[in-house]
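Colleague: Okay, here's what each chain looks like letter by letter:
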Amino acid sequence: MPGTFTDDVEIIEAGQGGGGGDIPAGGDDDGGDSGSGLPAIPSRAYFTAVQLALAGIVMFFMALTSSFLVRKGLGDDWVSFALPRVIWFNSLVLLASSGTIQVARRYMREGAVASFRRWWAYTTALGMLFLSGQLVAWRQLAAQGVFISTNPSSSFFYLLTAMHGLHLAGGILALLYVTFRRWRRSRITQATAADLVSIYWHFMDGLWLFLLALLYLGR
Amino acid sequence: MQRDNSEAGSTTIAFSLAVFILIFTIVTVYIFVRKIWWFPPAITAFGGQIDEQFHRTLVITGVVFVAAQLGLAWAIFRFRDRGQKAVFFEGNSTMEFVWTLATIVMFVGLGLYGEHAWAEAHFQGAAPGALQVEVTGQQFQWQFRYAGPDGKYGQIKPELISASTGNPVGLDPKDPAGKDDVVSPVMYVPANREIELLIRTQDVTHSFYVRELRLKQDAVPGMIIHMHFNATVPGEYEIACAELCGLSHYTMRSFLYVVSQAEFDKWMSDQETALQQ
Amino acid sequence: MVTHDSGGGHHHPPSGFIRKYIFSLDHKVIGIQYFFLALFSVFTGMALSILMRIHLVWPHAKVPFTASGQITPDQYLALVTMHGSIMVFMVLTTAPQSGFGNYILPIQIGAEDMAFPVLNMLSFWTTFVSLVVLLSAFFVPEGAPISGWTAYPTLSAMGQITGPGEGAGQTLWVIGLAIFCVASLLGALNFITTTLDLRARGMTLGRLPLTVWSWLVTAILGLLAFGVLLAACILLLLDRTAGTSFFIPGGLVVTDTPIISHKGGSPLLWQHLFWFFGHPEVYIAILPGMGVASHVLSTFSRKPVFGYRAMVGALCAIGFLGFCVWGHHMFISGMSPYSAFAFSLMTMTIGVPSAIKTFNWLGTIWGGKIHFTTAMLFALGFVSLFVTGGLSGLFLAQPSLDLYLHDTYFVVAHFHLIMGVAAIFGIFAATFFWFPKMFGRMLNETMGKIHFWLTFVGVYCIFMPMHFLGLAGHPRRYADTTGVNFLAPLHSVHYFITIAAMITITAQFLFLFNLFYSMKFGKKAGENPWNATTLEWSIPSPPPFDNFAGHVPSVYRGAYEFSVPGATEDYIPQHLTPEKVGKAH
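Residue numbers (the numbering used here), protein chains in the order written: chain Y, 4 to 222; chain S, 620 to 896; chain U, 74 to 658.
Simulated from the structure, these hints should not be mistaken for laboratory data.
Among the hints, erroneous ones may be present.
Restricting the straight-line Cα-Cα distance to at most 20 Å, the calculated cross-link-like pairs of lysine to aspartate or glutamate (EDC-like) are [stated by the list, open to error]: (1) K704/S - E642/U; (2) K704/S - D643/U; (3) K336/U - D79/Y; (4) K793/S - D769/S; (5) K336/U - E778/S; (6) K776/S - E113/Y; (7) K654/S - D670/S; (8) K336/U - E113/Y; (9) K776/S - D79/Y; (10) K776/S - D329/U; (11) K656/U - E642/U.
Computed from a prediction, not measured in an experiment: that's the story for all the values here.
Here chain Y stands alone, though its shape is the one from the complex (with noise of 0.2 Å):
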């Protein structure tokens, strides 16, 4: 079966054919000379990638989030402090990057190419809105005198936070990949490019929440 290439004029294609089955056999694919130059492979493949990365950051703040009851459990030591009022607006604007990022999708489906170009940006911007938040968020702890030493509780603030904003950063550049890259030199299309991305982008989202009520409820 034949690959299917698109870049942006071409996107109307999109919506048709695909099965995201087999592998074509190796190099009979015709298209001559724009590609990757790597061998294809099932578009699934790449969803697969992305739930096993997941599974890997899960790990990884499945970690940080037991050495945080266990720490907080462990004697008398864990002060309470105030979470910066900020981190509620920035979850807000993380869910409604959520939102917007769903909508780039839809119009990604229909073939609304500059519908899909806006929102997408709308959604990088709200990124870049929350991560800035976050470091407000870290301004107004310090202006308290709260910092990454100053109690078991804030240590781990400062650390979920900043292991999730780097996570996070890492999905704002996958946005941005996604805006820049020419599609047609990539085995993927824009298109699973960001049904991929919205895949890591909401669960983004979701240890986003899971840790905000850790820190809140245990705070």
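We have chain Y already, so just place chains S and U on it with the hints.
Modeller: Relative to chain Y, chains S and U alone:
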């Protein structure tokens, strides 16, 4: 299809390999059976239980060891390529079931049997009326503290620790309960008396280990861990540190002296007299 | 969600030296890069260990490259730490999985490359960076860390004050390890995706060679375990550099200096995190060797693997249970004795699938037609070593016995026989088996056999006596035997071990010579010198850049069809169409 026939089923190789495995098995069994290098004799009844469980485990693993190695050696020799056809079989469900079941019974059974001794060491505390000895590990020596006639340990303050001025565990001079605390770099205990150890450390993780007691316990920063024993054989026994604690881990050694009650009382009163001066 | 066939276009051969050999995207080149990284690391690790052995027996020996001309106790501990770290991470986690797995797995499943070649290339170079960072710990002023490969706090968490090497050296160690975690996670992702999604037509899970199964389960272990180690490393780094107290309790005094900047943490938290990773890690080290052993034993007995399904089940059981037993490293740690009991039972249980595999290896060669190639010798040696090393685990799995044996040489014997020898024999077997495919030439069998004999006898001479040192109560990580009286009678055993180690390590240079000599001058190898069945033996040696020259095969049968009654040949390759299989009349 190229095949280098020189190694096909070579009798020399088969024989040598089988014989080596056989010799290795025999030598290993011999060394274990003859106890050429072995534990020192246990000095507690608990230690005797440990030794029995060890023996049980040794017999079971020994049988499996010999059977597996000799089975391997035999197969190597018997089935070397002498021009025969290989027998085609892909498995045998009955055998799989049988040896799986046998293994489960043996291994899990062995494990359950050995839990009894572990329970005695750790599920229950020291018997009432035990003599308490606080064991403190520090880089790179042991300190043993006795509560003295008042039966109460004095307060310890980390900032008061100063080996050079004779306060290695940081006893607070303002606490009257500590005035009769005896701190010694070696441990004396009376025989046939339950001893309770309170194991702690000042700096990094150490591990209190006396072979003859068949006991070992890590000394963990931030924790006080209890152990107990009742030694019946008087003597001098070495205490070695068994958790990597830094540069001089290998010299962090002390002695446990198990003595008669009378000798112990004399030693204690000598220590108390020295405190008064 | 719309899924598409990937538009791959042509699979282009690489051009230019950099693209072909340095930043190659070809899984075969990357596999060889990992192999050479492991080769460098294993000789480094052996060099460190021979210095350790020399110091134990001749503490005042003149040794070059040391500041004082002799090895000091802190240098001994730095050797211990780096030897363990380099061997476990840079040899046993790379060669069997990232080395041979990378090279062979795609071919054995009928794929042209790993799913994500760019990610694969990044995984290797990230591993390389982590090795450089790890080794740089030797070159900072106070030297490499002294806390062992296990890096228990508080020794590892409070900086220079706890000992030499605990400053920058320990920090570099932690960072190097963290980088290694990332590299391993990326690699694991690639392996699992490739195995699940890139199999050729007809290559069902039930027809996968056991090597592929072992790489798959190993990758799953890595994916789930390395994230935990990464978390632990970050926490340790923060304790060391940012004033946090995850692992450091209050009230500590180190050589009369009170530590006032930390309180409330728990050293046990590190141990739980580390060993939750650490136990799956040791199965990561051995599982590929088990896969290779099954594969090689079958091939050179000309018989199917005995109990293929049980072997797969056992691999999966070991993998799963491997996540449930970490507490058996902590029986003496001060952890709850009740959880120790639970961990003990789980550990005894994990002995069962291991025993099943051993029975099945014996069943594989039983009734066979054994060809003693060097690869086969190492596979047979693997079985013997696995039995010996595995059985000592039964002692250590019982906390009552661990009261005596924990942190003695009995443990050192156990893990060296399993990891430091059985797993290495798996690597040797894989090398001799697949070298012809990788380099188009045969390794020299005579040199191979001499190397095998010296090594097999040698490793037993090195590590069996360590059991007896352990029975006598000899603690681990002791720089010498002068500090404790009861160690004096054991000096002769140390002497024997050191001599055996010197001979055995010297013999490894024969292997090294064989490797490089045969790459240039070895007898040319054909497609299938071993008359083996799996897909890598259906392509030229060495293979073309896209493995199958554009003609990916289909698979018609399982991986171990040897001596099938009624067939003309004593092996039926997986890719042979049914009409082409010759029938005996």
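Colleague: For every hint, state whether the structure bears it out.
Modeller: Now for the hints, and whether the structure bears them out:
| no. | hint | in the structure |
| --- | --- | --- |
| 1 | K704/S - E642/U | holds, 11 Å |
| 2 | K704/S - D643/U | holds, 9 Å |
| 3 | K336/U - D79/Y | holds, 10 Å |
| 4 | K793/S - D769/S | holds, 16 Å |
| 5 | K336/U - E778/S | holds, 14 Å |
| 6 | K776/S - E113/Y | violated, 73 Å |
| 7 | K654/S - D670/S | holds, 13 Å |
| 8 | K336/U - E113/Y | violated, 58 Å |
| 9 | K776/S - D79/Y | holds, 19 Å |
| 10 | K776/S - D329/U | holds, 12 Å |
| 11 | K656/U - E642/U | holds, 8 Å |
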